[in-house]
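Chain by chain, the residues run as shown.
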Amino acid sequence: MTNKKLISIVLGVMCFALTVAICIQVRSVQNSTTVSQSYEESNLRAEVLRYQERYENILKDIEDLNDEINKQIDEATQENSNLEDAQSQIKEGNMIIGTTDVSGPGVIITLDDSTTDPTTVFNPNDLLLHDLDILSVVNELKNTGAEAISINDQRLVTTSSIQCGGAIININGQRVGAPFEIKAIGLPENLSNLERPGGYLDDLREKYQMQVKLEKSNNITIPRYSGVITFEHAKTVE
Amino acid sequence: MKKKGKITVTITIGIAVLALSTVMFMQFKLVNETDITSIENMREEELRTELANLKEQYDVANEQYEQQKQTLEQYQQQEKSDEETSKLVQDELDNVNLLLGKTNVEGEGVTITLRDKESEDGEFLIITSDILNILVNYLKLAGAEAISINDERIINTSDIATINETLILVNQQRIIGPYVVKAIGDKTYLESTLVARGGYVDTLQRQGYDVSIESSDKVEIPQYNKDITVKYMQQN
Numbered sequence: 002m003t004n005k006k007l008i009s010i011v012l013g014v015m016c017f018a019l020t021v022a023i024c025i026q027v028r029s030v031q032n033s034t035t036v037s038q039s040y041e042e043s044n045l046r047a048e049v050l051r052y053q054e055r056y057e058n059i060l061k062d063i064e065d066l067n068d069e070i071n072k073q074i075d076e077a078t079q080e081n082s083n084l085e086d087a088q089s090q091i092k093e094g095n096m097i098i099g100t101t102d103v104s105g106p107g108v109i110i111t112l113d114d115s116t117t118d119p120t121t122v123f124n125p126n127d128l129l130l131h132d133l134d135i136l137s138v139v140n141e142l143k144n145t146g147a148e149a150i151s152i153n154d155q156r157l158v159t160t161s162s163i164q165c166g167g168a169i170i171n172i173n174g175q176r177v178g179a180p181f182e183i184k185a186i187g188l189p190e191n192l193s194n195l196e197r198p199g200g201y202l203d204d205l206r207e208k209y210q211m212q213v214k215l216e217k218s219n220n221i222t223i224p225r226y227s228g229v230i231t232f233e234h235a236k237t238v239e
Numbered sequence: 009m010k011k012k013g014k015i016t017v018t019i020t021i022g023i024a025v026l027a028l029s030t031v032m033f034m035q036f037k038l039v040n041e042t043d044i045t046s047i048e049n050m051r052e053e054e055l056r057t058e059l060a061n062l063k064e065q066y067d068v069a070n071e072q073y074e075q076q077k078q079t080l081e082q083y084q085q086q087e088k089s090d091e092e093t094s095k096l097v098q099d100e101l102d103n104v105n106l107l108l109g110k111t112n113v114e115g116e117g118v119t120i121t122l123r124d125k126e127s128e129d130g131e132f133l134i135i136t137s138d139i140l141n142i143l144v145n146y147l148k149l150a151g152a153e154a155i156s157i158n159d160e161r162i163i164n165t166s167d168i169a170t171i172n173e174t175l176i177l178v179n180q181q182r183i184i185g186p187y188v189v190k191a192i193g194d195k196t197y198l199e200s201t202l203v204a205r206g207g208y209v210d211t212l213q214r215q216g217y218d219v220s221i222e223s224s225d226k227v228e229i230p231q232y233n234k235d236i237t238v239k240y241m242q243q244n
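As they're listed, the protein sequences go chains A and B. First residue of the first sequence: 2, per my numbering; consecutive thereafter. First residue of the second sequence: 9, per my numbering; consecutive thereafter.
Calculated from the structure, these hints are not laboratory results. Predicted model, so just to flag it, every value in this text is computed and none were measured. Glycine included, each C-beta is placed from N, C-alpha and C at the ideal position. Check each hint, because a few of them may be wrong.
What the hints assert, rightly or not - Derived list of chain B stretches under chain A, where covered just means 3 residues or more per stretch with a C-beta under 8 Å from a C-beta of chain A: (1) 21-32; (2) 92-106; (3) 150-156.
Said to hold, decoys possible - Below, in silico cross-link-like pairs of lysine-lysine (DSS-like), each with a Cα-Cα straight-line distance of 25 Å or less: (4) B/K14 <-> A/K6; (5) B/K12 <-> A/K5; (6) B/K12 <-> A/K6; (7) B/K77 <-> A/K61; (8) B/K14 <-> A/K5; (9) A/K72 <-> B/K95; (10) B/K234 <-> A/K236; (11) B/K239 <-> A/K92; (12) A/K236 <-> A/K92; (13) B/K234 <-> A/K92.
Claimed, not checked - Label pairs and their computed distance ranges (CB to CB): (14) B/T16 <-> A/R55: 58 to 66 Å; (15) B/T16 <-> A/N124: 54 to 62 Å; (16) B/M34 <-> A/L12: 17 to 25 Å; (17) A/D102 <-> B/I236: 14 to 22 Å; (18) B/Q84 <-> A/N191: 38 to 46 Å; (19) B/V188 <-> A/D203: 28 to 36 Å; (20) A/V122 <-> B/D129: 30 to 38 Å.
Given only the sequences and the hints, what does the whole structure look like? Please build it.
Given below as structure tokens:
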């Protein structure tokens, strides 16, 4: 008799737990993905995918062309030593512009939203990282002499902007989400100055309980910018 | 016999519950790991924006592709003289210098002037380095190709710093108000995104700041006036 009761109770509790779990699950799924997969939407999605592929392909083609052109320049400079200087300027220039993969010593900063329970604070927005936080950290890195910077492997070039788009951030038109991994090449001792007391990282950590980590490294690799930089309006004047 | 049946039922139910729980946990993990940046989870509006962006990026890339193809063909032409090769390399270098910010440039764009101000009720509305930094970011977002603040050219490694919230340094050079921010790009787009309701110039003006914007067919921006050197990074 007691055995039966025990089994009933155990089963009852299990059923209850499962029901609760299912309810939570259904609700969270409703919140995120029950947007109706209309015909139009799936068409759009296919179109986006198609363009993404075309775009990636042409970027690859451009990369190949650039490599080929560089080879031609190399050959040309071998025959004409006057061009050596121009060639090294082009190479160094492309590193700074961000159109080549680069490596060197530097720091890796990892930023993530606060783990504080959102129900315990007045404004839950304070617990999230914003575009301005990223922008400020990037600005401080440049201030301490960063030569190349990437955010979640998106290389920052002179035309890059950092823009908030809800829970995600847009960089170079690419959507990236937390955690943010910011890599910078430069003198690690200078770059790690970002951790100074009262600095921006310190504030993020102490005032807003964000998850902040800064690591020095002797070998950081930053990929090239994955798009194309051309100026349509700005023209050189003598 | 009766007891045996009971045990079977219990075991069956137990297994069913276990299986269900496992599925639930897997499901939870899945929802947790769903990548909000992937296109599978975009809604119609986001998809449209994404598509428009991609199309634009593709067009730019395509143009670049054609251009590079031509350059390559010029290199590959047989029997080219040293002079012709030099010219091709020089063209390449000129383009690199343009993108770096090592040349004086001009083109259509906007000029934004910001001034410190004391409001009627005695409140000081000071232009900070943060304001300039955010403004530069918005200008880049609106497609600015070249930017300067009080003729200090903003290049890829430029910073806008502050000392004690009173001095502002751009490229480690001290600048003082009024702050004149120039940007070259599509002047209509640059101006309209900044002055539209919620645009950054509009926002600053609503907060009482002294900010004005002017678009023009010819904005002149000077070159970065220091050496741009690489010490720590090397090409892979």
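We went through each hint and held it up to the structure:
1. 21-32: holds (count 5)
2. 92-106: The restraint on the segment 92-106 of chain B holds, since 11 of its residues have a Cβ under 8 Å from chain A and three suffice.
3. 150-156: That given contact holds, which follows from 4 residues of the segment 150-156 of chain B lying within Cβ reach (below 8 Å) of chain A.
4. B/K14 <-> A/K6: OK: B/K14 and A/K6 at ~13 Å, within 25 Å.
5. B/K12 <-> A/K5: holds, 14 Å
6. B/K12 <-> A/K6: holds, 17 Å
7. B/K77 <-> A/K61: The hint holds at about 13 Å.
8. B/K14 <-> A/K5: holds, 10 Å
9. A/K72 <-> B/K95: holds, 16 Å
10. B/K234 <-> A/K236: The hint holds at about 20 Å.
11. B/K239 <-> A/K92: holds, 14 Å
12. A/K236 <-> A/K92: With a Cα-Cα distance of about 22 Å, the restraint between A/K236 and A/K92 holds, given a limit of 25 Å.
13. B/K234 <-> A/K92: holds, 19 Å
14. B/T16 <-> A/R55: 58 to 66 Å: The hinted range 58 to 66 Å holds for B/T16 and A/R55, with Cβ atoms some 60 Å apart.
15. B/T16 <-> A/N124: 54 to 62 Å: holds, 57 Å
16. B/M34 <-> A/L12: 17 to 25 Å: holds, 22 Å
17. A/D102 <-> B/I236: 14 to 22 Å: holds, 19 Å
18. B/Q84 <-> A/N191: 38 to 46 Å: holds, 45 Å
19. B/V188 <-> A/D203: 28 to 36 Å: holds, 33 Å
20. A/V122 <-> B/D129: 30 to 38 Å: Distance hint for A/V122, B/D129 holds at roughly 32 Å.
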